[in-house]
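Engineer: Sequence:
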Amino acid sequence: MRPQIENIEARSAETIFQALRDRIPRYLREWDDYNESDPGIALLQLFAVVGEGLSHQLSRLPGELQAELLSLVGLKPHPALPAQAAVTFTADPKQAGPFAVPRGAQVAAQGPDGRLIFETQAPMGLVATPLAMVLAFDGARYVELTAEHDALDTEVSPFGPSPTTGAAFLLGFARAPENGAAAVFPEEIRLHLFRTPAFGGPPVSSDDPVLVPPARLVAEYRNDPKATGWRRLDILEDETVAFLRSGALRLEGPADSVPTVIREGDDPLHWIRIRIAGGGYQSGQAPRIDALWPNTVMARQETTERNVFLAEGTGLPDQVHALKRTPVVAGSVEIFDEEGIDWKEVETLATTNPTDPVYELDPATGTLHFGDGQNGRIPGAGRALFARSYRHGGGTAGNVAAGEIKSRISTLSGIAGVSNRRAAVGGADAETSESLARAAPGRLSSGGRLITAADFAAEAARSPQVARAHALPAFHPDVPALETPGTLTLLILPKSDAVPPPAPDQALLRAIIGNMESRRPVGLELLATGPTYRTISVDATLDVAPTASLTGVQTAIGEALDTALSPLHWQFGLDFRPVMLLGAIQRVDGVLGVARFAVAVDGTPVDDPAAAVRLARNEVVAPGEHTLFVRYGEDR
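Taking the numbering used here, I'd label the letters of the sequence shown as residues 16 to 651.
Bear in mind the hints are in silico, worked out from the structure with no lab data behind them. Quick caveat, the model's predicted, so the values are computed rather than measured. No residue lacks a Cβ here, since even glycine has one placed at the ideal position from N, Cα and C. There may be inaccurate statements among the hints.
The calculated label-pair distances, taken between Cβ atoms and stated as ranges, are [unchecked claim]:
#1 Arg38 <-> Glu349: 22 to 28 Å
#2 Pro488 <-> Arg38: 15 to 21 Å
#3 Asp239 <-> Leu167: 34 to 40 Å
#4 Ala627 <-> Ala416: 57 to 63 Å
#5 Leu331 <-> Gly126: 37 to 43 Å
#6 Arg453 <-> Leu589: 34 to 40 Å
#7 Ala416 <-> Arg38: 49 to 55 Å
#8 Glu349 <-> Ala416: 32 to 38 Å
Could you build the full structure based on these sequences and the hints that come with them?
Structural biologist: Below you can see the structure in the form of structure tokens.
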């Protein structure tokens, strides 16, 4: 029986013709003759008939051939992706340090088909003693969080529920043997923050497109057992963006740390303190984290091969040579020949020069496709090709559960154990030709670039610090009354409990623009700013039912008005009419009627409740201060 291959784009001639004809007014306004005798209409009909045949045949192509055709326009199956896990190493207390884990150190988990190797992605020195106590300081008092910090299913507020300047998160490490004679800290301390979902959104990580630190953090330690002061440590890297997402926090290691007592009655410990030195978090957005773990580094489910003989060149065009270990991690292959020439991986050979030493890589099969002398250089006959290094691995099998990465392959001195406290994530199998064919229409539409206004707004809204984003084509904030072709302005509402939300921070706006710069159409001027708020205030007298609570109804009416006037939901540029608010008031339980109703916009009363208050394209309403008088009315 013939397999049923999914029809990816089959359209009738009539459907194609109608779609083409509907585009005429948009692109050719002077074309107003749609009769069949018109030459242009006849050409559209011809194109439609040819298009029907092409789409019908395309839908019958096997998936492998569809993939070959799609590769001609730059679409290739996504390669397998390696899983990632945060791996924690434990120093051996019986050995004298310092201890270190190099980049590329190998650890392993047992998978369904054998051992799964993970390699660390950064070098790391080890803190020699365990984390013994965790404290939060909210500016007034210390709160111990040790038990909650150790638990995998409990989150903590590192700076308290309402962080202010001076609030701090403190990690206390046990004294070294022999009363602290040995060094506890390495030259560089690596901590890993596990962040819980922010603002009700998905878990945030270093892959988030835009995030700027709202607070300025400093790291400190103590080096005098008799003093209460703190000394500064350099923060070398902060992937967490001031504790807003998961990632590494690298600090300078204090060589002269000494154990001290923070709270009376506690044992002396070596303390590292992360303190808010400036700025701050918006109301309701205080960081909540799962843990800040020392001696923890990210590891990927991949293996590095080094100095591997690939093949000898044949001198013929279009040579294909294969690496033995697959799937290959794209971008990880370093090829050179016996004359010391480095060969570079490229997306396509079609745009290369005859002398360019380049190749195309198929990660799934590990095959390297070399040039034909017109597009890309031909490897010479008898010339040996080598892989200086390449990495292989990936697939869903690498998404192992917590605690499964527990074997060490690399020889590491001073290490007592290794484990992943969280499950590995991100591993994905290679995309099949069939799934590529199904996804092709959407991927062809933009190719990962930002094209439409909706594309730009959606990309800006991905930032965890953005509550709402709206894109205005042909709009420049400096000349709002004029259309400015070639310009697109993003209106950004930051996440905040303030009413209305404040103007977005300039650093956030710059980060949003920078994230999109390389993907915008050539010639488009991309801008970002905050909206203009039109403040709406209501002054009303309401009759309520005798059985209702005056205070409760008054509060409910105020909340209903604030919801109706929320800039998070109001359509930009939508004209405002005061009568729009009557429904919100009357839907409140207990309201019998509206005895008096007056509205002011930006402090100016509106005489006619049904009259439209014009809003510009960049304007949106926001609730102001309401004056609400409620009284018992007759329950009719």
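Engineer: Is 34 to 40 Å a correct range for the gap between the Cβ atoms of Asp239 and Leu167?
Structural biologist: holds, 36 Å
Engineer: Can you let me know if the beta-carbon spacing of Ala627 and Ala416 is within 57 to 63 Å?
Structural biologist: Distance hint for Ala627, Ala416 holds at roughly 60 Å.
Engineer: Given the hint of 49 to 55 Å, is the C-beta distance from Ala416 to Arg38 inside that range or not?
Structural biologist: holds, 53 Å
Engineer: Is it true that Leu331 and Gly126 lie within 37 to 43 Å of each other by Cβ?
Structural biologist: Holds - the Cβ-Cβ distance for Leu331 and Gly126, about 40 Å, lies within 37 to 43 Å.
Engineer: Taking the CB of Arg38 and the CB of Glu349, does the distance hold inside 22 to 28 Å?
Structural biologist: violated, 48 Å
Engineer: If I claimed the Cβ atoms of Arg453 and Leu589 lie 34 to 40 Å apart, would that claim hold in this structure?
Structural biologist: At 38 Å between Cβs, range holds.
Engineer: Could you check the hint for me, namely that Pro488 and Arg38 are 15 to 21 Å apart, CB to CB?
Structural biologist: holds, 18 Å
Engineer: That 32 to 38 Å hint for Glu349 and Ala416 (C-beta), does it hold up?
Structural biologist: Given a distance of about 34 Å, which is inside 32 to 38 Å, the answer is holds.
Hint violations for this structure: number 1 only, all remaining hints satisfied.
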